[in-house]
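S.K.: This is what each chain is made of:
2 protein chains.
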Amino acid sequence: MKFVERLKRAWASSQSLLCVGLDPDPDKLPRHLAGAKHPIFAFGRAIVDATADLVCAFKPQIAYYAAARAEDQLEMTIAHIRRHHPAIPVILDAKRGDVGSTAEMYAREAFLRYAADAVTVNPYLGLDSLQPYLDYADKGVIVLCRTSNPGARDVQDVTSGGRKLYQLIADKAAHEWNANANVLLVVGATYPQELGEIRAIVGDMPILVPGVGTQGGDVAAVLANGATSDGTGLVISSSRAILYAGSGSDYAQAARAAALKLRDEINLCRKFKGA
Amino acid sequence: MKFVERLKRAWASSQSLLCVGLDPDPDKLPRHLAGAKHPIFAFGRAIVDATADLVCAFKPQIAYYAAARAEDQLEMTIAHIRRHHPAIPVILDAKRGDVGSTAEMYAREAFLRYAADAVTVNPYLGLDSLQPYLDYADKGVIVLCRTSNPGARDVQDVTSGGRKLYQLIADKAAHEWNANANVLLVVGATYPQELGEIRAIVGDMPILVPGVGTQGGDVAAVLANGATSDGTGLVISSSRAILYAGSGSDYAQAARAAALKLRDEINLCRKFKGA
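Same order as they appear, the protein sequences are chains Y and U.
Numbered according to the numbering used here, the first sequence terminates at residue 525, and the numbering increases by one at each position without gaps.
Numbered according to the numbering used here, the second sequence terminates at residue 525, and the numbering increases by one at each position without gaps.
Misleading hints may appear alongside valid ones.
No distinction is drawn between identical chains; accordingly, a pair holds when it is met within one copy or between any pair of copies.
Stated by the list, open to error - With a Cα cut of at most 20 Å, we get these calculated SDA-like pairs of lysine to any residue: (1) Lys511 / Ala491; (2) Lys287 / Tyr386; (3) Lys511 / Tyr494; (4) Lys252 / Gly411; (5) Lys511 / Asp275; (6) Lys278 / Ser351; (7) Lys252 / Leu362; (8) Lys278 / Arg363; (9) Lys521 / Ser499; (10) Lys414 / Asp322; (11) Lys511 / Ala262; (12) Lys252 / Asp275; (13) Lys414 / Arg403; (14) Lys287 / His425; (15) Lys521 / Thr478; (16) Lys414 / Gln381; (17) Lys278 / Leu362; (18) Lys278 / Glu354; (19) Lys414 / Ala502; (20) Lys511 / Ala387; (21) Lys258 / Gly453; (22) Lys414 / Leu377; (23) Lys278 / Gly350; (24) Lys287 / Asp322; (25) Lys511 / Tyr386; (26) Lys287 / Asp303.
Hint data in this document are derived by calculation from the structure and do not stem from the laboratory.
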């Protein structure tokens, strides 16, 4: 099944646009996990199991595993999602970007080694650097367009012929790079106006939206500007505000409560789109 | 010691601008290594030991290790260089790019886990995404500027106010991002004219130049357009043309012969710069 179709089914069956980002910072894990053999996996598994019925996707961020020398625990986490929650797509947040032969290796890493359903990638190197991912026609290739950080303006707002770079990337993504209908975009929740501009360029292409929660993105503005006419089209990702909602032995329940609250807030806003 | 100083000493002591890129493709390793316990490490170690006196840097490309589930062999390879060739800087080619909190994790991965001397990074997310690397003042932060692939034009040639994006990145790298004097750039050997433009913008900032060898970059044009007035300023990287110069049991000697030839070709061209 193609990734966008998988995502649409997940939106429908979960009645949720929420994605939980798995950013397991070793410094923030609940203390009682410190003695576990695989504390990062134990943490991720508990978060996944506590929130699986509330989400349309999980998004593990590979940097947290790599910094901790814990690629094996990333494999275990994704395998756990596959086995116990097979309908939920897994987005590997890796933001890779490299020339052709190396990009082939990164595509193998994401899609074969980790068996992710989709991967985030950086467009700075152009189409031929994305092609090795795009060639996996059933996988999702989620291109950075307008990122959630303040410095996004430094490069992404460069203006050429009256259009900003992020608008140009959105245009290329929708009209030049999407032959396999497997391209999505990343647009930060912290830039709702830009999200609206990008939605107008890309039609109903799904957009991954990080930056609600700790980074301060506004859910109502994201839905108003980013949702498609049927009230979907968005994968709204929150990481820290959910993962670290609690720090004691009840951290998974606290994460569930935070996820439930955010899912409901999103769904309330969706009603205004007629969903 | 700061990275640029380390690099200058390596240029002087090796009398070489050559960098050997370690891109160990499992499909291309010599057959007799297939039975080794750590074939990728065995391959890299042999290449390193056969070429160490000919180079100013080694550049392992992490994607090849990650695709093969061999991060441990990357650690072993870098540790081997550290122990046996301690004067040679190690550039981790990772091309990372992510928002602040995640970038901190990638910086830990490169500088603490792998103990690399420098890492390649992607500028698309702007200064705050680079800051966590820049804060390691003794480490090198090598920013993608003009990459060696054909698709580099898709995004890097976007023109704003009469300047192309890669020129803008070069300007920011030299004048806004370099407070710790630890920024370098990546410019592909396949674009010698652009290399000259970038050299004019960044003064004597060292530039990492991949793309000679298999990708077809011309050494004479690279030196003519990219070298500083003292005939240095460049880290000219070749991977496949050296690694796979031979495929039998004499692959390391074949790699040495290829590296020697390229080093000498580079040095011949340096003479015209008065070095």
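S.K.: Does each hint fit the structure? Answer for all of them.
M.R.: Hint check results:
1. Lys511 / Ala491: Classified as within; 11 Å inside a copy, 56 Å across copies.
2. Lys287 / Tyr386: Result: close neither inside a copy nor across copies, 35 Å intra and 31 Å inter.
3. Lys511 / Tyr494: within (14 Å within a copy, 56 Å between copies)
4. Lys252 / Gly411: neither (35 Å within a copy, 41 Å between copies)
5. Lys511 / Asp275: neither (23 Å within a copy, 47 Å between copies)
6. Lys278 / Ser351: between (37 Å within a copy, 13 Å between copies)
7. Lys252 / Leu362: within (16 Å within a copy, 39 Å between copies)
8. Lys278 / Arg363: Between copies, since 19 Å is at most 20 Å while 27 Å is not.
9. Lys521 / Ser499: Neither. Shortest intra-copy (36 Å) and inter-copy (68 Å) distances fail the 20 Å Cα cut-off.
10. Lys414 / Asp322: neither (40 Å within a copy, 42 Å between copies)
11. Lys511 / Ala262: For Lys511 and Ala262, the Cα distance is within 20 Å only inside one copy (19 Å; across copies 61 Å).
12. Lys252 / Asp275: neither (32 Å within a copy, 29 Å between copies)
13. Lys414 / Arg403: both (10 Å within a copy, 16 Å between copies)
14. Lys287 / His425: Neither. Shortest intra-copy (48 Å) and inter-copy (47 Å) distances fail the 20 Å Cα cut-off.
15. Lys521 / Thr478: within (12 Å within a copy, 62 Å between copies)
16. Lys414 / Gln381: neither (24 Å within a copy, 24 Å between copies)
17. Lys278 / Leu362: between (30 Å within a copy, 19 Å between copies)
18. Lys278 / Glu354: Only across copies: Lys278 and Glu354 sit 14 Å apart there, 34 Å inside one copy, limit 20 Å.
19. Lys414 / Ala502: neither (42 Å within a copy, 49 Å between copies)
20. Lys511 / Ala387: neither (35 Å within a copy, 42 Å between copies)
21. Lys258 / Gly453: Classified as within; 15 Å inside a copy, 52 Å across copies.
22. Lys414 / Leu377: both (18 Å within a copy, 18 Å between copies)
23. Lys278 / Gly350: between (37 Å within a copy, 16 Å between copies)
24. Lys287 / Asp322: both (12 Å within a copy, 19 Å between copies)
25. Lys511 / Tyr386: Classified as neither; 35 Å inside a copy, 39 Å across copies.
26. Lys287 / Asp303: Intra 27 Å, inter 43 Å, cutoff 20 Å: neither.
The earlier numbered hints that this structure contradicts are 2, 4, 5, 9, 10, 12, 14, 16, 19, 20, 25, 26.
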